[in-house]
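2 protein chains.
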Amino acid sequence: MKFEIQDVDALGRIGTIEINNKKMITPNLFPVIHPFDNVIGASGLKDLGAQCVFTNAYILYKNTDKREEVLKKGIHDFLDFDGVIATDSGAFQQYMYNDNKIEISPEEIESFQEKIESDFPVILDIPVQLEDTFEVAEAKVSKTLERAKENISRRKNPNCYWIGPIHGGKFPDLLKKSSIEMSKLDFGIYAIGGLVKAFLQYQFELTLNMLITVKKNIIPNKPLHMFGLGLPQFFSLAVACGCDLMDSAAYILFARENRYFTLSTGTKRLDELIEFPCHCPVCTKYTPAEVRTFEPELRVELLAKHNLYLSFSELRTIRQAIRDGDLWELVEMRIRNHPNLVNAYRMIKIHEDFFEQYEKVYKNHGRLYSSVESVNRPLFRRYFNKLESNYRVPKEIKYLIIIPELDVKGTYSLEVQKWLELINKEVMREEIHVIFASSFYGIIPYELMESFPFGQHEGRMEIMQNDQCNNALKNTKFFFEKNQAKYDKIAILIPNEYVNELNKKAEISKNNVIFMIEDYLMSKFKDKVSIFLNIESILAYFNDGL
Amino acid sequence: MKFEIQDVDALGRIGTIEINNKKMITPNLFPVIHPFDNVIGASGLKDLGAQCVFTNAYILYKNTDKREEVLKKGIHDFLDFDGVIATDSGAFQQYMYNDNKIEISPEEIESFQEKIESDFPVILDIPVQLEDTFEVAEAKVSKTLERAKENISRRKNPNCYWIGPIHGGKFPDLLKKSSIEMSKLDFGIYAIGGLVKAFLQYQFELTLNMLITVKKNIIPNKPLHMFGLGLPQFFSLAVACGCDLMDSAAYILFARENRYFTLSTGTKRLDELIEFPCHCPVCTKYTPAEVRTFEPELRVELLAKHNLYLSFSELRTIRQAIRDGDLWELVEMRIRNHPNLVNAYRMIKIHEDFFEQYEKVYKNHGRLYSSVESVNRPLFRRYFNKLESNYRVPKEIKYLIIIPELDVKGTYSLEVQKWLELINKEVMREEIHVIFASSFYGIIPYELMESFPFGQHEGRMEIMQNDQCNNALKNTKFFFEKNQAKYDKIAILIPNEYVNELNKKAEISKNNVIFMIEDYLMSKFKDKVSIFLNIESILAYFNDGL
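So the protein lines, in turn, are chains C and Z. If you count by our numbering, then the first sequence holds residues 323 to 868, one letter each, in order. If you count by our numbering, then the second sequence holds residues 323 to 868, one letter each, in order.
No lab work stands behind these hints: they were computed from the structure. Possibly wrong hints are sitting among the right ones.
[What the hints assert, rightly or not] Selected chain C positions facing chain Z (in silico; Cβ < 10 Å):
#1 Leu585
#2 Arg645
#3 Pro661
#4 Val694
#5 Lys826
#6 Ala828
#7 Ile830
Built from N, CA and C at the ideal position, the CB exists for glycine as well.
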């Protein structure tokens with residue numbers, strides 16, 4: 323098995339898995355199928371875009387007839403699927419139904435999975451339940467680790483790349499321990515277990531925190547899987563936090579309850595739909611009224627197909643967003659699907675140092691900030707780090723001009739270009755420092771303006787929100803507490819009007835960040851701060867002091 | 323022609339237009355086609371879901387051969403389209419290309435449109451340009467009004483329902499005048515003109531303000547159309563602000579430039595796509611690499627089809643959202659497509675009294691607040707109005723208990739149920755008023771809790787943002803300034819912990835709105851306000867005073 327990473331954005335990764343002459347892309351979804359009783363079989367899934375499926379070896383093993391058949395044919399022929407096949411061991415039954423009477427030994431089921439040539443078999447782990455106490459959870463984690471080691475010593479089929487389950491329930495310490503210890507053992511994929519019930523309760527904050535905890539501690543060169551993640555509205559956020567793979571039967575389980583996935587108006591019931599709000603091949607062919615009259619089997623099949631079309635196109639959207647460096651933008655859109663997703667997004671801020679480490683240094687086009695939550699992106703943390711550790715005000719500087727943010731960022735504005743021309747003609751130009759006010763970044767020194775991402779973002783400037791203000795103010799304060807002594811005079815430019823992008827006169831908005839910077843500087847360094855209506859008077863003021 | 327409204331949400335309306343034995347639903351898009359030179363003809367558009375098309379009568383008229391043919395056949399046979407057909411008069415050419423040499427008279431082109439049996443012809447209006455001065459714009463508006471009156475006096479074909487253009491450019495007074503005066507004249511559809519260039523520059527705030535100004539003043543029983551609106555990311559916001567119909571050639575113009583619509587990662591160029599992030603019949607059949615190798619004509623056709631599939635499914639999504647009462651939820655998701663859409667959304671707040679008037683009184687399921695911007699919805703304005711004008715504290719009340727917002731709203735919380743049981747058992751229950759703290763509404767009196775929309779919203783409570791705080795505080799202040807004298811004692815319940823939805827102990831978040839209410843009440847009415855850890859001590863405190 324080979325796992326090669328082609329591109330990254332946030333903690334999301336586009337990769338290729340090559341295994342036993344099969345190939346699949348990540349991030350990707352393994353649709354879960356029953357081993358022999360499906361509305362859409364494995365080959366049907368392939369037509370819908372599935373490169374991989376997940377099925378249950380335990381159910382196969384318990385059925386004597388099918389067991390013989392699959393042992394003879396191998397799982398690929400048995401399912402009539404030439405893509406990647408992962409198999410579960412029965413542990414999921416245990417977890418999902420709290421069924422502790424799974425009558426099978428690890429030796430039996432693991433050896434069975436090797437014999438049927440599963441590409442990615444799962445060991446018989448001991449899933450932790452969310453309600454488990456620390457002690458119970460700890461014992462289960464240790465037992466799973468033990469089983470993992472035993473599994474390794476028993477392995478016979480070199481074509482099987484084992485999935486190593488990570489557990490710990492709601493306890494970060496256990497998740498950490500499980501991740502670190504499992505990383506020492508050779509597995510093809512590491513997979514976080516015990517999440518499904520949390521997904522079904524929309525506990526996205528909890529599951530995301532579990533994911534991030536594991537991601538921080540797991541070996542990075544293997545795919546990270548989330549067992550049971552099938553809600554497409556959560557895919558992008560999970561991928562941005564490091565999830566490479568997922569498996570789920572949600573597409574079919576929801577279809578059986580006449581539930582229809584959307585990424586815009588929540589999960590709908592078939593009977594509340596007058597028109598299908600979608601353009602997949604199913605939804606462009608039929609109307610909801612027609613589908614309601616169909617036989618149950620056909621109805622379930624069509625709804626399941628729609629649910630899968632939507633899931634797979636969301637994965638393609640996510641992969642495209644990773645390639646474009648737009649994954650955060652996509653996530654900030656998708657979290658509007660549920661308030662719990664918005665709450666979960668806070669985790670990015672809480673773990674900002676971790677995310678900052680992995681954030682791309684350069685992206686080939688500008689960022690779009692269309693949410694208050696945008697300010698939690700790791701780039702902002704990175705900028706603060708830079709101000710803190712790297713940035714020095716040029717040595718010869720004596721004077722500072724602070725220029726307001728206009729409708730177009732930085733030097734893209736004709737008005738700003740005019741200002742800069744005037745400044746650049748000044749004889750003592752070398753002693754003058756120019757800083758741009760920025761609603762998202764607070765202050766940006768002129769010499770950094772061309773470097774990513776400052777010159778290139780389009781944000782919302784009209785309404786300054788709490789978080790945004792806090793961030794801008796934090797950077798401003800930090801900068802001036804550190805650097806104010808370098809300046810003899812600080813001039814703030816607040817013109818009555820300026821020429822905007824459309825070549826029209828416009829006023830500086832009352833919400834412009836420049837007023838916040840003015841307030842701060844006047845309250846702290848009143849003696850050397852002055853406000854001016856134009857560049858000419860600023861230069862005269864500087865010269866006056868010579 | 324009949325226009326019947328079936329359902330409404332925000333200012334969006336689902337309606338049916340019946341005209342000349344044809345039927346179409348609103349909101350809807352007229353794809354614009356060339357009269358005789360198309361990559362996708364009218365019948366092809368029908369297969370994609372178009373119920374109506376827009377074509378250009380002026381181009382037909384100028385072509386002698388085609389003119390004879392269409393006069394013989396009528397426009398429906400000529401285009402081979404049995405749906406609704408609207409025709410333009412040449413004024414759009416004038417507007418778009420500032421071409422003042424349109425050599426045609428209103429008499430000629432309007433009579434021509436009647437002869438070819440256009441369902442919705444447009445009069446030869448004089449479009450206002452955005453850069454026109456007030457005087458120039460005013461003259462154009464007057465001229466268009468004059469032409470409208472002349473048109474009415476000349477009408478011969480009773481099967482033609484004329485489209486009346488509304489103009490005014492960026493001047494609200496002119497838009498208002500144009501709307502009021504045109505409303506007095508009999509037109510089938512009223513249509514706002516002069517917008518295309520603003521759409522292309524993403525000036526959504528300006529165009530939305532123009533739309534709202536017209537909507538406020540136009541006769542309400544006719545469809546309101548926006549000429550040239552074809553960017554699907556703007557559809558939902560425009561519909562929420564009263565747009566019933568739109569027409570555009572963007573699907574094909576963009577396709578010619580290899581541009582591909584998305585509603586999640588911006589408009590893409592074909593050459594930057596590795597996978598199609600979509601599941602329409604085109605995108606599930608081909609890969610971007612394949613489409614790039616196709617002949618230009620096929621390539622443009624496929625991209626245009628994708629663009630239309632997306633446009634039509636967005637319209638179905640919008641109509642479903644209107645039926646579900648979820649249009650604001652959808653809009654708050656779609657505005658993330660561009661910061662200018664977020665800025666434009668401010669218009670809802672600015673015109674909140676207008677939107678409040680039309681907001682549905684009852685919706686059959688709860689609201690979802692997943693954005694800071696949610697607080698701008700008209701429902702919040704309505705609540706304030708109610709507090710202001712209707713609400714009275716029950717007469718016998720002497721004491722007040724304020725209960726914090728927990729993870730589940732109001733009485734859905736088991737913990738809150740326990741508190742209420744204790745309160746209800748109290749002998750002097752009738753003298754006790756109960757108020758719920760609410761991060762979105764500030765305070766909600768218990769007796770209103772069951773009425774829409776209080777009991778039924780799912781919001782984000784964890785992070786209080788500026789706008790949200792302001793709204794909660796505004797209601798809280800207003801309520802207590804008006805009603806505080808009714809209470810001898812005010813008790814605020816702030817328990818150390820509570821039992822949450824998952825039956826686990828949880829702490830009250832530091833960001834809980836109860837702390838803001840506490841701060842406010844302590845600063846204003848310190849003498850009668852006390853904080854308690856449990857209901858029992860509150861009741862003891864009240865009894866103590868007897």
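Quick rundown of the hints versus the structure:
The beta carbon of Leu585 (chain C) is positioned within 10 Å of a beta carbon in chain Z (closest approach about 8 Å), and the interface hint is therefore held. Because the beta carbon of Arg645 (chain C) sits about 6 Å from the nearest beta carbon in chain Z, less than 10 Å, this interface hint is met. Satisfaction of the interface hint for Pro661 (chain C) is found here, the shortest Cβ-Cβ separation to chain Z being roughly 4 Å, below the 10 Å cut-off. Given hint, Val694 (chain C) at the interface with chain Z, holds; its Cβ is 5 Å from that chain's nearest Cβ, closer than 10 Å.
Interface restraint check for Lys826 (chain C): the shortest CB-CB distance to chain Z comes to about 8 Å, inside 10 Å, so the restraint holds. Using the Cβ-Cβ criterion of 10 Å, the hint placing Ala828 (chain C) at the interface with chain Z is not satisfied: the shortest such distance is roughly 12 Å. The restraint placing Ile830 (chain C) at the interface with chain Z is violated, with a minimum CB-CB distance near 15 Å, outside the 10 Å limit.
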